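**Q** These protein sequence lines are chains A and B, in that order. Take 0 as the starting number for the first sequence in numbering that gives the first Met the number 0 and just add one per residue. Take 0 as the starting number for the second sequence in numbering that gives the first Met the number 0 and just add one per residue.
Calculated from the structure, these hints are not laboratory results. Please read these numbers as outputs of a predicted model, since none were measured by experiment. Note that beta-carbon positions come from the ideal geometry of N, C-alpha and C, so glycine has one too. Check the hints yourself; a few may be wrong.
[Claimed, not checked] Now the stretches of chain B that chain A is said to cover, found in silico as 3 or more residues with beta-carbon under 8 Å:
1) 51–61
2) 92–104
3) 333–341
[Claimed, not checked] Here are the in silico distance ranges between beta carbons for each label pair:
4) N181(B) x N5(A): 33 to 41 Å
5) G294(A) x G187(B): 56 to 64 Å
6) K289(A) x K18(B): 54 to 62 Å
7) R85(B) x E184(A): 31 to 39 Å
[Said to hold, decoys possible] Residues from chain A that keep clear of chain B, each with C-beta distances beyond 12 Å, as calculated:
8) S14
9) E166
10) G228
11) D270
12) G294
13) S309
14) G312
Protein chains: 2
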Amino acid sequence: MNAHPNPPARGFPPSEFEKRLVRAQTMMAQEGLDALLLCSEPEVRYFTGFLTQFWQSPTRPWFVVVPAGAKPIAVIPEIGAACMGRTWVDDIRTWSSPDMEDDGVSLLAETLREVAGRDGKVGLPMGHETHLRMPLADYARLRELLGDLEFGDATAIVRALRMVKSEAEIAKIAYACQLVSNAFEQAGTLFHVGQSETDVFRAFKIECLKQGVDDVSYLVGGAGAGGYGDIISPPSGRALEGGDVLILDTGCTFDGYFCDFDRNFGFGDVDDGARQAYETVYRATEAGLKVVRPGATCVDVYEAMQKVMSAAGALGNAVGRLGHGLGMQLTEWPSHTPQDKTVLEAGMVITLEPGMTFAPGKVMVHEENLVVREDGPELLSRRAAPELPVIG
Amino acid sequence: MNAHPNPPARGFPPSEFEKRLVRAQTMMAQEGLDALLLCSEPEVRYFTGFLTQFWQSPTRPWFVVVPAGAKPIAVIPEIGAACMGRTWVDDIRTWSSPDMEDDGVSLLAETLREVAGRDGKVGLPMGHETHLRMPLADYARLRELLGDLEFGDATAIVRALRMVKSEAEIAKIAYACQLVSNAFEQAGTLFHVGQSETDVFRAFKIECLKQGVDDVSYLVGGAGAGGYGDIISPPSGRALEGGDVLILDTGCTFDGYFCDFDRNFGFGDVDDGARQAYETVYRATEAGLKVVRPGATCVDVYEAMQKVMSAAGALGNAVGRLGHGLGMQLTEWPSHTPQDKTVLEAGMVITLEPGMTFAPGKVMVHEENLVVREDGPELLSRRAAPELPVIG
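Extracted from the complex, chain A is given alone in its bound form:
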């Protein structure tokens, strides 16, 4: 495990964005696209470096147009001009937003017309894991204004681009993983029997911030006697009791990049069923790690982990997959499922997340983060203990 004691540099040099652009334009040429239209937070940030929490306001749409042979053009609300002006983007077109009559639609249409001509082809992401972050009625109006342009699905392009990370991206994810690994190591002093779940969550969030993460963007979990029932809920007001198993699953960010892993803790006398389930998902992770290398598929990784859990009598898995990509988002393509034949490549950052129902209403989930290297996996999270850690 590499140590990452110093924070990596924030932002990226222009060369990072130039490389992304060249890769995009190469694929655009193959697919005959004259322009890419992007409107969601990670897509806009990927091509521009525009980083702001302001996306949490749903009011205003934001657009980036990637031409076939020039730098990206930002078509954005005026409130973002100063922040976008500090990125590598030169061509920033703004309107005063919110505008209830025309919230950037005509400005976007003009820009696409300029870039794609009278009968060009525009690609935008329409597929799995993508969203149209503009009002549906505005999208319909855009299509009307540009009736002679063809619109096609560009999911494959953004997916291929974003799945393989640069070393600068990997360093940010690795750093977030190290900080959160440090925070989890404080569990013995942070958590105790009698503490409410709400206070457990609060203590852990503060610890992660003290360790140096920018934001605790995601923290879910729960506790219960001998196991927990689901892994996506906010904390209940219930106090921890002896015999409980607690899971915390967190996505903390550094410079806009996520870690995403969990840890389980027992309190007092934990029954054997939960301990054995913990050891099963630990071994499933080991089996997954043995399979991860360039050329293996997500199906291979899924099967290696599922085999261990099935042999141990797993009753199923409501999560629907055994891990996924991560980076600018908490979860990204691909997914470790029986369906996803994505071939692993060096530079992909993924989670291994074996999980199973081990008794009615009792779930056990384990998760690690890694980067695929030429010679196999490099763990980014500090490996969990092989046996359930017990506090008190």
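Put chain B on the given structure of chain A with help from the hints.
**A** Structure of chain B alone, referenced to chain A:
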């Protein structure tokens, strides 16, 4: 100002959701809708109470169908079944997600067919401030599967419902406002000359958590000599200097409801331009507060505030509005603009957010949160000081 020393109860009683449903179905009847289709986080939560940070994962779509005469039906990934099972919803239909071939689309189509019949009308939000949170290609497939159903825009319904808050909703927002007011009152001990912006942000996040907020979901701002240049950026690494003005604008949550207000602080000798700009936006807020009452419009509120700033020589405002609604989202309808003729009603929770460029590249923004009552505004944030607070 009311004090809110004790946290309000988490969640809502079923009666809250019954009232929401009746109001929705009354409007649905007026518009001839057989079903509402909802797929974004606040929409799903509004009708079900389903609260989870899991929405940060873009992978899986989530749906709620509201029939014209029955309780909402959840059509969701299996991973959410346990969490949804704790809400008032009875009819929960799940599929194993992610499914790259059919990620809930056929199950959703069956449900809509069952509810809307062979030639019914389905409403979904398509207008300003709404998003379709499912892949565009899946939406196209849904429309194909349901070719004989009419799809119309239901923005007016969700907007009307969500703009007017219940007392239980107001209590959650008020509590978040009180906690963050407490945190801002610690500014003199939290912030100091020589501290990096990154450390300013981190210290404030930790303080808000200690005060009792669930999450510091949104924190933006910046500092500069005699003023700051924009208000949506993450912190720079720059250290605070004497003469700086710092703004922090935060949306913290309690039980899924936001506050959204900012505070300005000077350090050492701050020049007169910034002090005067602060007093101008303070007076603009006072002018806005005088206008807020049921029956006034957002245009009235806008004009009252803008008049004060124009008279003081404001050079413009890149924000595009002078405040907005808030609740389950950081920003919601309506907007205080020259266009938005929304009539204020008792129970609306809004911000007053007068802002202006007072010198080239220098912005001053002020923000308070309030609920519209029969006799005028009730402040939820603790009123800012009338003169720029100076630290050190």
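**Q** Each hint needs a verdict: does it hold in this structure or not?
**A** So, going through the hints one by one against the coordinates:
Proximity of the stretch 51–61 of chain B to chain A, defined as three or more residues with a beta carbon under 8 Å from a beta carbon of that chain, is established by the 8 residues found. Check result for the stretch 92–104 of chain B against chain A: holds, 7 residues qualifying (beta carbon to beta carbon below 8 Å, three or more required). Check on the stretch 333–341 of chain B: 4 of its residues sit with their Cβ under 8 Å from a Cβ of chain A, so the three-residue criterion for coverage holds. Range check, N181(B) to N5(A): about 35 Å between beta-carbon atoms, so the 33 to 41 Å window is met.
The hinted range of 56 to 64 Å is satisfied by G294(A) and G187(B), whose Cβ atoms lie roughly 59 Å apart. Checking the proposed 54 to 62 Å range against K289(A) and K18(B) shows it holds: the Cβ atoms sit about 56 Å from each other. Evaluation of the 31 to 39 Å hint for R85(B) and E184(A) yields a pass: the beta carbon distance comes to about 32 Å. With 12 Å as the threshold on Cβ separation, the claim that S14(A) sits away from chain B holds: the shortest Cβ distance comes to roughly 21 Å.
For E166(A), the condition that its CB be more than 12 Å from all CB atoms of chain B holds, with the nearest at approximately 21 Å. Remark: the non-interface label on G228(A) conflicts with the geometry, its nearest Cβ contact in chain B lying 5 Å away (cut-off 12 Å). No beta-carbon of chain B comes within 12 Å of the beta-carbon of D270(A); the shortest separation is about 20 Å. For G294(A), the shortest C-beta to C-beta distance to chain B comes to about 21 Å, beyond the 12 Å cut-off, and the non-interface label holds.
With a least beta-carbon separation of about 16 Å from chain B, S309(A) lies farther than 12 Å from that chain, consistent with its non-interface assignment. With a minimum CB-CB distance of about 20 Å to chain B, G312(A) clears the 12 Å threshold, and the non-interface call stands.
The structure fails hint 10 only (numbered hints given earlier).
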